[in-house]
Amino acid sequence: MMTDPLVRKPSWRQVCMALVSFLLAAQTGCKSTPKYLAEPDTVLVNHVEDAHEAYREGLTADASKDYRSALLRAWAIDDPYESGSASYNLAACFVSDADYVAANQWLINARVDLVRGRRSTGNTWLLSADIAMAQGCLTEAQSYIDYASKACPDCEFDQRYNLCGPDAKFVDCKCKEPCCSKLPCIGDKIEKKKSKKDCEQVYVASVQLAKAKLALCQQDICQAKRHHQSAHDCVADVCDLDFRADIHEVAAMIHDAECNYLQAGAHRDCEIELLRATANYREIPKVLKAASDSYLQCGRLDLAIDRLIRCSRIQLARKEFEKSWATLKLAGDLLVDCECDANRVRFEITAKMIQDSLEKIAKRPEDLDANDANDAKAAQDTKAAQSALPL
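Mapping the sequence shown onto the numbering used here, position 171 (from 1) lands on 171, and the numbers just tick up by one.
Quick caveat, the hints were computed from the structure, so don't treat them as lab data.
Note that the structure is predicted; figures quoted are calculated from it, not measured.
Each residue gets a CB set at the ideal place from its N, CA and C atoms; glycine is no exception.
No incorrect hints appear here.
Straight-line alpha carbon distances no greater than 20 Å define the calculated DMTMM-like cross-link-like pairs of lysine to aspartate or glutamate that follow:
1) Lys-352 / Asp-97
2) Lys-289 / Asp-167
3) Lys-286 / Asp-256
4) Lys-196 / Asp-242
5) Lys-286 / Glu-273
6) Lys-65 / Asp-99
7) Lys-169 / Asp-242
8) Lys-213 / Asp-242
9) Lys-352 / Asp-62
10) Lys-289 / Asp-333
11) Lys-197 / Asp-237
12) Lys-329 / Glu-359
What follows is a set of in silico ranges between Cβ atoms, one per label pair, in the way DEER data are often shown:
13) Gln-297 / Gln-218: 19 to 25 Å
14) Asp-62 / Leu-262: 43 to 49 Å
15) Arg-118 / Gln-218: 35 to 41 Å
Input sequences plus hints: build the corresponding full structure.
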C-alpha cells in the first residue's frame, strides 16, 4: 500500500519547534532569575594581586600589609579558601623575616580554613618543613614532608584542623543553570518562563515556612515539621539559594526545639554557606552566634569556639571593635575547657589583629572620617577591657 504523499511524518525539526512552542506557552515571569553564585569579590582580588606583586618585588612589608587587607576582606565575607590562602601568604612573609613563631601560627590558621574550604593543605606542610629545616629540626621536617606527600584536594583531612561540623540531615542538590537557557534566541524566553514558575513556588513555600515558625511559637513541633517539609518539597527543583538558606534556618529552629542541637548547628552551617554563595553577608554573624549556641548545648566546644572566632573576625573586618572584642571574649571563656590547640592559636591571632587595629587608630586619629568617629570611640572603650581576655 502506497503512503499518501499528503500525510507525512513530522521531521525532527518540526518536533523540536513544537516542543519549544510548548515550553514558551506561558505567562510572563514575576521576578528575575535568581543568582546562582556570587561573583568573585573584586576588593579581595585587588588586594591579593597587589600583595603578590609586592612579594615578587621583594617588598615584604608592603606584601604583608596587602595580605592583611585581603585577609580582613576574606574574614568579612567568611570565605574559608581566601582566608586560608591569605594566612599562608602571611606566613610566607613572616618566614622571609625569620619570624618563625608567627609563621607557624598563621600556618595553623591556614589549615583550619583550607580544610573548611575543602582545599589541599599540602603547601602549608611544605612551608612548615622549610621552617623546621631552618631551625635544624630535621625529624619534624620529615614529618611535615610526609603530611604534604599525602595531601591532596580529595584526601581525608587531619582531624586536628577539621572544625566543619556534621552533615545536615537533608542535603540540597547543586544548583545548575538550565541548559535550555543557553539556547540562542529562545533561551531568554525559556528562562523568563521558568523564573515566573520558580517565583510562584517560592512564594507558596514562604507561606509554609511562616506557618512552621508560627507552629514553633505555639510549641507544636509536629505541625512545624509538616509545614517545613511542604516548603522543602515546593522548592525541590528551584535554584534559589537565598530561600534554601531560609529552609535551613527553620530546620535549625525545629532541631533546637527538639533538643537535637548537633543537627541545629549543622543546618546553620549550611545556611551560612548558602548566604555566602549569594554574597548575602549581612546575617552571617547572627547565624554564626546561633550555631555556636547550638554546638555549645551539645558539648561541642571546639565547634562553638570556632563559630565565635569567625563571628568576631567578621565584626573586626566591619570595624565593629566593641562587638568583636565581646564576641572573642565569649570564645576565650570557652577555651578554658577546650583542648583544641588550633582554636587557641586562632583566638590569639584574632586578638592580635584586633589589637593592631586599635593601635593603628590610636596612632593616626586624623585619618578618621566622620563615619569612623564612633569606631574610634568604641575602639578606645574596648581597649580598656582588653586585659580581661585570657591571652
